[in-house]
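Undergrad: Chain order of the listed sequences is A and B. Okay, so the first sequence: first residue is 21 according to this note's numbering, each after it adds one. Okay, so the second sequence: first residue is 80 according to this note's numbering, each after it adds one.
Since the hints were derived computationally from the structure, they do not count as laboratory data. Take these hints with a grain of salt, some might be off.
Said to hold, decoys possible - One-sided excerpt, in silico: chain A residues whose CB lies under 10 Å from chain B: (1) Gln-74; (2) Gly-82; (3) Met-83; (4) Leu-106; (5) Lys-107; (6) Arg-109; (7) Ile-112; (8) Phe-167; (9) Asn-171; (10) Met-242; (11) Ile-246.
Every residue, glycine too, gets a C-beta built ideally from N, C-alpha and C.
Spelled out, the chains give:
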Amino acid sequence: MAGKPKLYYFDGRGKMESIRWLLAAAGVEFEEEFLETQEQYEKLLQGGSLMFQQVPMVEIDGMKMVQTRAILNYIAAKYNLYGKDLKERALIDMCVGGTDDLMGFILMFPFLSAEDKEKQRAVIVQKATSRYFPAYEKVLKDHGQDFLVGNNFSWADVHLLEAILMVEEKKSDVLSGFPQLQAFKARISSIPTIKKFLEPGSQRKPVPDDKYVETVRRVLRMYYDIKAN
Amino acid sequence: MSGKPRLTYFNGRGRMEPVRWLLAAAGVEFEEIFLETREQYEKLIKDGVLMFQQVPLVEIDGMKMVQTRAILSYIAGKYNLYGKDLKERALIDMYVEGIADLMQMILVFPFSPPEAKEKNLDSIKERATNRYFPVFEKVLKQHGQDFLVGNKFSWADVQLTEAILAVEEKIPAVLSGFPQLQAFKVRMSNMPTIKKFLQPGSPRKPPPDERYVETVLKVLKI
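Looking at chain A on its own, in the form it has when it is part of the complex:
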């Protein structure tokens, strides 16, 4: 047994990407098995590895973990990225809840029709600039510290950086009204483990393309007719 966590998912971002970010930020090496065929997926199902018949699935510390949030919570706690007490954990949970909702608008984006994509792009930018980014801008402005919670690097910082970069891919100047977030982005990007993850050749996945969408649809036999939210 390798001892490294092993990730089971498609060769693309989807729901697994936040997990890749967090493991990388914690400096934890991991292996990946990419689902490419229905047969692979059926084999996982029949082997009883997928508690609710779904991926992401992460083999870690003898467990076959499913449910993205459960996996992220476990990794954050194990690698001391979850605050020092219950209250800091509460703040981190609130922060990641927001970035999770924001990234949720982007998750289904590749599966939309071309027309719906344009509408959704506008929704993503509107939500980011009027609801989510202002909240984090204020947190950073109010305490003036380098990190979102407890003056210490945490899961909340990793998740926010991931969200910022994803929204920027949809609108490159989206941070223009948010000086705190601009500085935050530069600071967190230069943390050694994150810097490494942002370099070519890391396990970070690119923006989902048609091939990714086609693979997910083929393997899961789902998501053929997605409407914007």
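Once you've looked at the hints, dock chain B against the given chain A.
TA: Positioned in the frame of chain A, the structure of chain B alone reads:
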């Protein structure tokens, strides 16, 4: 200030109901403010108390908490309903997240158009009986203990009980293939704090009706 947690939400289940269940199960008394008008909601936003301009909001221990999961995790942690170590917490998290996916289907059901309701009901039945209930039936059968995780009452037990009752309201015979869950339901319902919560006059909210849907749509301007 009373020191009791204070919940701000609509006068109905929605995303706040799991919070009511968990506080009640922990034996914690709480106060509630019900959103009835757009003006109330706009005032909350203007006052800056909603981090992402959304409810649920729970004022607890000096914090204005939003994001349902964050709130539930905090309560579970504070009242020792979150397992004894990281691995038990991982199991509890997996279970509550799975149940939350099922509850999400029930959450949005009242807001779906009439022509979609029958199909959505079939989906709820299919998922409950083929994806979610079998998992917990198996967990209980395999360890033979009274509670889902660590032989001790936890958030997972509360969440599963809530889900079972919510699905049964839609599909009364849904537990017919699940003897372990039937026994589990009886056991949980008889725990003193839960028993009290299930009695008339408790803060438990009834199934959502048209008036509830109307209020939500009006206040949130959807």
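Undergrad: Against chain B, is A:Asn-171 within 10 Å by beta-carbon distance?
TA: violated, 18 Å
Undergrad: Is the interface hint satisfied for A:Leu-106? The criterion is a beta-carbon contact with chain B at less than 10 Å.
TA: holds, 5 Å
Undergrad: Is the shortest C-beta separation between A:Met-83 and chain B less than 10 Å?
TA: This hint holds: A:Met-83 lies near chain B, its Cβ roughly 6 Å from the closest one there, short of 10 Å.
Undergrad: Does A:Phe-167 pass the interface hint, meaning its C-beta sits closer than 10 Å to a C-beta of chain B?
TA: violated, 17 Å
Undergrad: With 10 Å as the cut and Cβ atoms as the points, is A:Ile-112 at the interface with chain B?
TA: With Cβ-Cβ at 8 Å, under 10 Å, it holds.
Undergrad: When the nearest CB of chain B is found for A:Lys-107, is that gap smaller than 10 Å?
TA: holds, 7 Å
Undergrad: Does the nearest C-beta of chain B fall within a distance shorter than 10 Å of the C-beta of A:Met-242?
TA: violated, 13 Å
Undergrad: Does A:Ile-246 pass the interface check with chain B, least Cβ-Cβ distance below 10 Å?
TA: Because about 16 Å separates A:Ile-246 from the closest Cβ in chain B, which is outside the 10 Å limit, the hint is violated.
Undergrad: Using 10 Å as the Cβ threshold, decide whether A:Gln-74 counts as touching chain B.
TA: Because about 9 Å separates A:Gln-74 from the closest Cβ in chain B, which is inside the 10 Å limit, the hint holds.
Undergrad: Restraint: A:Gly-82 near chain B, CB-CB cut 10 Å. Satisfied or not?
TA: holds, 9 Å
Undergrad: Mind checking the CB of A:Arg-109 against every CB in chain B and telling me if the closest is under 10 Å?
TA: holds, 7 Å
Hint compliance for this structure: hints 8, 9, 10 and 11 are not met, and every other hint is.
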